[in-house]
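The residues making up each chain are set out below.
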Amino acid sequence: MKILGSLLIVVAGTAMGFSVAARYAERPRQIRQLISCLSALKSHINYVAIPLPEALSQCTSGIVGPVADFFRTMSLLLLTNGWLTPQAAMDQALIESKQLVLNQPEREILAVFGANLGGMDREEQHKSLELVQEQLARIQYEAEKLCEQNVKMYRYLGICSGLAIVIILV
Amino acid sequence: MGIDVLFKIAGVGILISVFHTALKQAGKEDMAHLCTLAGFALVLLWVVQLLGRLFTTVQDVFKLF
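Those protein sequence lines, which keep their order, are chains H and A. Just so it is clear: in the first sequence, position 110 is 419 by the numbering used here, and no numbers are missing. Just so it is clear: in the second sequence, position 43 is 474 by the numbering used here, and no numbers are missing.
Source of the hints: derived by calculation from the structure; they are not laboratory data. Among the hints, erroneous ones may be present.
[Said to hold, decoys possible] Per label pair, the in silico range of CB-to-CB distance: (1) G458(A) with R447(H): 18 to 28 Å; (2) T467(A) with P414(H): 30 to 40 Å; (3) R381(H) with S448(A): 42 to 52 Å.
[Claimed, not checked] If we take Cβ atoms under 8 Å as the criterion, some of the chain A residues that face chain H in the derived model are: (4) K439; (5) V443; (6) L446; (7) V449; (8) F450; (9) A453; (10) L454; (11) Q456; (12) A457; (13) G458.
Keep in mind it's a predicted model, so treat the numbers as computed, not measured. Think of the CB as a built atom: it goes at the ideal place given N, C-alpha and C, for glycine as much as any other residue.
Let the sequences and hints guide you as you build the complete structure.
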């Protein structure tokens, strides 16, 4: 019985460590997907000139996961609720997609992007999208550095904290 | 009882050293030192109890009051 309990504690600690590590590993990937979606959206706005909901749903082609879901939710919101501004739709989509592991800086940049989206002419949107991409690229670089450092540490810490709790309790 | 506590202390020591290296590699040296200190305090808690028992035993054996 004691062995079973300690095994469970160790497994729980390990799982906690790995889930936190997975979160850190997931963040740069999602930012990368966000950048590629935004560059697709940029060309859809500039050269294809289709309405925003369609552009949003088409710019996710080739990408799966939470980021694609986020853009699709936003497009759906814009299609079904015509009175929503792009900014409000983006806020709503950010709330609805729980799988996104974005931190405060990315969310702020996305809010700026949403505020400029659909409010100006093509040239200005092009400029603002380029700015957003640049900022996201910098954040991606930082997130990758953070990921490299932290993933291993959180795995070790998870396993070791499970073992430590077992030793203290025994 | 005695050998049990020894093994517990040894286990905590090994784990704390792993904690320390993991945190140090991640560049969080302050956290590593804090962690070491926490482990030290934990072990000290156990050891102080044993030391207290040792002193009372010594008192009993030599009839010191």
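Going through the hints against the structure:
1. G458(A) with R447(H): 18 to 28 Å: The hinted range 18 to 28 Å holds for G458(A) and R447(H), with Cβ atoms some 20 Å apart.
2. T467(A) with P414(H): 30 to 40 Å: Check passed, 33 Å falls within 30 to 40 Å.
3. R381(H) with S448(A): 42 to 52 Å: The hint (42 to 52 Å, Cβ to Cβ) holds, given that R381(H) and S448(A) are roughly 49 Å apart.
4. K439: Holds. Min distance 6 Å.
5. V443: At 6 Å from the nearest chain H Cβ, V443(A) passes the 8 Å test, so the hint holds.
6. L446: 5 Å, holds
7. V449: Status holds, d = 5 Å.
8. F450: 6 Å, holds
9. A453: 4 Å, holds
10. L454: 7 Å, holds
11. Q456: 7 Å, holds
12. A457: 4 Å, holds
13. G458: 6 Å, holds
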